[in-house]
Amino acid sequence: MKKYETVIGLEVHIELATKSKIFCSCSAEFGGEQNDHVCPACCGMPGMLPVTNKRVVDLGMTAGMMLNCEINRTTTFDKKNYYYPDLPCSYQTTQWFAPICVNGKVRIQTSKGEKDIRIKQIHMEEDAGKLVHDDWTDTSLVDYNRTSVPLIEIVSQPDFSSAEEVVAYLERLRSLLRFAKVSQCRMEQGSMRCDVNLSIREEGETKLGVRTEMKNMNSISAITRAIEYEVARHIDALENGTEELVQETRRWDDVKGKSYAMRSKETAGDYRYFPDPNVMPIVIDDEWFDSIKASLPEFPEVKKARFIDELGLSEYDADLITQSRAFCDCFEAAYKECGEAKEVANWLISDCMNMLNKKGSTMDQLKVDGTALGKLIKLVMESKVTRGNAKKILLVMDEETIDPEKYATENNFIVSNDTANIEKVIKEIVAADPKSVADYKGGKEKALMALFGKCMKTLKGNCDPQVLRKILLEEIDKA
Amino acid sequence: MKLYLTKSDCAMTNAVALDDMFLTKAMPTTAGSKMLDGYMSLFDAEVVTKLTEAGYEIAGKANVGEMAVDLLGETSYEGAVTDDNGTLLSASAEIAKEAKAVLCFDVNGAPRRAAAVSDLVFVKPTYGTVSRFGTVSSACSGETVGVMAKTVADAKAVLTAIAGHDDKDGTSLSDAQCEKILTTEKAVKKVAVAKSITASADDSVKADIEVAKKILSDNGVEVAEIDDEILTKAKAAWNILMSAELCNNVSRFDGVKYGYRSENYTTIEELYTNSRTEAFGELLKTMIIYGSDVLSTDNYMSFYDKAMRIRRVIAEKFAEIFTEYDAVMLPASSKKAFTKADTDANMYLAFDENLYTAPATITGLPAVVGGGVQLIGKAFSDSALMDAVKTIKEGK
Amino acid sequence: MERETLMLLEKFDQLSLTEEQRDAFLKFYDKQLEEKKALDAVDTENVERMVHVMPIMTVVREDEAKKIYSREDLQKGAPATSEGYWQVPRLVE
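Residue numbers (this note's numbering), protein chains in the order written: chain P, 171 to 649; chain G, 80 to 475; chain X, 12 to 104.
No incorrect hints appear here.
Label pairs and their calculated CB-CB ranges:
no. : chain 1 : residue 1 : chain 2 : residue 2 : range
1   : G       : D281      : X       : D54       : 26 to 36 Å
2   : P       : N238      : X       : M65       : 28 to 38 Å
3   : P       : K300      : G       : E132      : 33 to 43 Å
Bear in mind the hints are in silico, worked out from the structure with no lab data behind them.
Because the structure is a prediction, the values reported are computed rather than measured.
The beta carbon of each residue, even a glycine, is placed where N, CA and C say it ideally should be.
All chains should be built: construct the whole structure from the sequences, respecting the hints.
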């Protein structure tokens, strides 16, 4: 068998984290009841005119800067024409002639080392709606909620030679863009989708082979399997003449593990692009450009190194926290408030993670305010609130904005210094349970824990455990 | 044959009618197309809101040619309006004779032609000074909301009510810019007559130009003929841009979301094709197909891109003319009357008549028709043009 | 223009012309080609294309979501709906 090499280029669509759609004011939130986030504009009715959402341009620029692109200081919108029921105006407003970003690069790390993937361009555009197929009536049903939700499309050069590189790139994109709050990049919700352009050629050959495109792949594992399948199919066709390769769009069926030629959705592929007369050119002046530049986050690996070197976090802790921008922000604010990096890291990694896991939320969905967390940690360190009660307060902090100290006071979570009361409670409990006292004196450590627990419960936890332990031991001695 | 789709009392002193390109909540909006038969908008056009706020009564709607791109409204699915001799009448013009004014959507010069053949006034203001929000778009880059009336004073009064910035229209200019069209900063003192365009019109039309020249001269205005060779190219260039933009704008009318749906389909392609084929008239179909041809990959550079460059050449030519002159005078149509027989013989007449109207359309410059002539001025000189047309009308 | 080209354009534009209309279109098209020659005669090599007639830039709005219209109202004039969806013939991928 001859030696072949794979050439892959990617087009990655990412839904931007905006409140409203790109050209109208409908909600851009994911989901919702069918056709609930729609207006005359996004269901293709006459009379509405597009007015560009500034945040889309902000995020487009942010993405470009995160991916080392040049920003086109004058960027324009164009119309792309084709008929399909999920496209209510029968045209998509996109960028063809002057996209917002060009010439970027992303460094990836694979088992073979580091490699730069070149970005050809990033353009802003509107998403299409969604179709549901109804088997009962044999019809298709159209939902325009997603219509005009803002997207960026990141077009790479054909620089990938394996599925591993593709996966490394997608994970890198996801990490950078989540960090910069450009998008949640949730593949399972379709806010990150990927078109894979793939061809095979003999090693040493400079001309590209026949290219097939697989559209709208939305999981890393499906992308890997699809690439592996396509490579095998292409090689089989070239080696054994099993089929004639044609340039086409294919659909990946992840259940069957096969790709199929799609019936051409968009007629003839001539999209008749032309400049949109209704959307004025966007000119990015220095002030705008600089404000976005200044808002960029540290890259996650830079943050991680700083957390380790300057704040003394372990490699493991720093790595985990820098998986998520929300965790980083919370960490830094909490550290600023209480000055205890390791302690904050513990709270995030054990307590916050547990809490999110129970809720089925992602790390980026952490809502705990960092400064408040810092205050809470201070309360614990000053023995004003027990750790157990602090955990309860943390749960509240993920639901609403509260001042931990005020909340603790109002809800009787402040550790009582009323030793008289503590002594009274302990005396009663010790007197009522001579068996446990005897057991402890007989060497059973567990018996002490039982007495301790009873006291704590009666005191509703509002007692410094050290103080409680000391008095309890004294009372047992006396008994 | 229908003049009005809905009608109240046009004789009221404050009655303003709309041609049927303006969306209204209270009345159907059809854009002259079977595609939108009975279509009810969920919102009013911005100009309708502004008129109401200014105390005008919306008298009703005037029939309009399909998507307002024909000669005089003859392609409306309601049929052409003619007099007993078969002369084409514009529904807007007929209503304008009764009402205070009619708002018209000037895409392909139809309201300017209508004003010319009906001896009315039509003001096509500077592009961007009147909101297009709530109009059924045909050719966005040149289409403009204008006012048809019996007198310059009425047209200006209504224009005053509708001009102004609108956040909902991304091409809308600032209030300060919009207000400029209502006051005469510099009166028209020097007029250039477009030589070859004028020469190509009928004798009766040329005679009107001669009369206007004399009246202006008598009023101390200097009149000279200029070489207008470049301006004649606006016609072919606008025909390209307009057809392409129209093709794109009406592609949303596909029988899926609202409007006409054919009964004859099983697949989505049949639904699209049969709905559009059954609902659109032949002129519109011609323009759609021509429009998609000029945008096709093979033709884009030589047609559409070329036309956009020609647009700049024409705009620069006007700028050069306006360093010396205050206005360009030319006819608004080749004839003083068109018959149904004319459009039956050549349904594309509007494409030819664009010789007279496209120069102002393609550049977005203000144009005022009245007294048998059309005056084009630089951006925001609308008021000065209106003054000059008033002088011509009064001198007749 | 070839008749086949015209038929492809019809397909693209979701229209179907009669043979008579095709004849008329082809004549119309020839005339447009003739008239376009006037444009070709102008050297536009160094002329920037003019998309917008008014030189205004950067018309943007703030990112605020609003809900004004109900689904019921938006679907009032719909030819076919089902459970809040617009309904079309089944699409095959």
